[in-house]
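There are 2 protein chains.
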Amino acid sequence: MSLLVVGSLGLDTVSTPFDKVEDALGGSATYISLSASYFSAPINLVGIVGSDFPNKYINLMEAHNINLEGLQIIEGGKTFRWSGKYHYDLNVRDTLFTELNVFENFNPVIPERFRKSKFVCLGNIDPVLQMKVLDQMTDSHFTVCDTMNYWIERKKDDLIKLLKKVNVLIINDSEARLLAQEPNLVKSAKAIRNMGPEILIIKKGEHGALLFTHDIVFSAPAYPMEMIYDPTGAGDSFAGGFTGYLHRTQDVSAENLKCAVIYGSAMASFCVEKFSTKGLENLSYLRIQDRFREFMNLSRFNEKE
Amino acid sequence: MSLLVVGSLGLDTVSTPFDKVEDALGGSATYISLSASYFSAPINLVGIVGSDFPNKYINLMEAHNINLEGLQIIEGGKTFRWSGKYHYDLNVRDTLFTELNVFENFNPVIPERFRKSKFVCLGNIDPVLQMKVLDQMTDSHFTVCDTMNYWIERKKDDLIKLLKKVNVLIINDSEARLLAQEPNLVKSAKAIRNMGPEILIIKKGEHGALLFTHDIVFSAPAYPMEMIYDPTGAGDSFAGGFTGYLHRTQDVSAENLKCAVIYGSAMASFCVEKFSTKGLENLSYLRIQDRFREFMNLSRFNEKE
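Residue numbers (my numbering), protein chains in the order written: chain Z, 2 to 306; chain U, 2 to 306.
Just to be clear, a hint being listed does not mean it is correct.
Where chains are identical, the list cannot tell them apart; a pair therefore holds if satisfied intra-copy or between any two copies.
Mimicking SDA-like on lysine to any residue, the simulated pairs with C-alpha atoms at most 25 Å apart in a straight line are [said to hold, decoys possible]:
| id | residue 1 | residue 2 |
| --- | --- | --- |
| 1 | K165 | N303 |
| 2 | K165 | G77 |
| 3 | K205 | N185 |
| 4 | K191 | L179 |
| 5 | K275 | R292 |
Bear in mind the hints are in silico, worked out from the structure with no lab data behind them.
With the rest of the complex left out, here is chain Z (with noise of 0.2 Å):
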């Protein structure tokens, strides 16, 4: 049993009010695979980066668990790489440039080994890409999927020919509106539920998330942050943590969803701790159970009789 990660590597310079950061370790694949890799092992990651990535990053993986057997490293090419400016309320973001460099001509190729994964976690990359890794996938399996606004706008019918193969699909508010056409949130979750994924999670930062299958919805609460250094990879350690825990309980129950779209909040709320992956790289599992409990003690209430 094992956990399939696509997305991609990058090297991220990243300026927040309270600090800025330059080459650090970044992509959504990365992300994913570092906030699963405290759930289940090992993670088995396709991407490719260049021959410039640096080596403590692949150690820093590998420490992890990270199974690299997939990364493709292209001899003399050059990383992935994005700049971005967070301003005062860090909900608003300037990209400042974008280089695809090796990214610009991957196409995942899945070791044979990767082929038989029961769970899939596919980064948010161009919906054509992450069709190509389901068609090379040979056994039955349950895919979680992320996209964005991008894709939305650029490539809705490969995203739409996609969702038909797609699980569950995490998008935040305003991606949703977007897709559905809908102002409304709870009309939009059922038109995308229609498009496909049986699960649909809408993220909306620091509101929390919501759930949907066909029976339930589950309003996850927000973690209470006084602080948030950098919010870049919040969503794909969100998709690391949720699809990591579904692999580590080998239950998608309803009930089990619930659970696993609060650990994904818990992993995103450590990532938004520290810069770049700083905040994903010392956890445990004990600290990860205790935020889950924090969450817990969050949103309970009863009434007395």
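Assemble the complex: chain Z is given as a structure, and chain U must be docked to it using the hints.
Frame of chain Z; chain U shown alone:
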């Protein structure tokens, strides 16, 4: 033991993308009292209207066990009128006109019998008037106070003075940020609690509500609604349900405050399902408890052992 409600009574002309009503029953004291009336009786109302205030509305309130001994009816005067228009997404509204009329000279006089009320709910009116109410109270009491950006911007000093005398402040997220001059909600909450109220509730519209006390943070989910007919009065209905439940249970412990927040949220959800006060006119305590349980199902999760 009784619950005193002071605020505005008005005639609202409201249009939404779905319908329009003219001179419908409105005002903060109206929504608060109707909402609270399902939890305890009688509700003691203090407010002002003109002689044009329709008898059917007087009858409606009396049928809900609202004691109108403190309602000033100004012979020949005109009732406060407000008109608003909601846009497609219902989060944006334009005020078309506001006619203060008799409300311009409102001087809240608390009838002798009402001055011993143990619970006071101050609807969203000028903080100078809210203070006048508290100055007339003779016994110790638990005060819940609503306000809005208008008063934060124009009467901040008076509001700050008032805040030292109230137990609970209820505001929305943008008002909390404005009052605390701080973009982070958790830090805002801390700053506002330092201004006086030991309990703070921050309403977040379609994202639920947060409760802050000296030792807990509680996150209440929003009821997932496919259709909101008229958002007018949602905040007042929340305040009425919240205070009404506290008055009913005579218990202001942290655990019970959480339940009161859920009952407040339930009443707000009933309010917006119909135009004007219609959503609050024909409820039963059983139906309200059913919705309370729906909120529980919406937010509860349990990890398997």
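- Could you work out which earlier hints the structure fails to respect and list their numbers in ascending sequence? 1, 2
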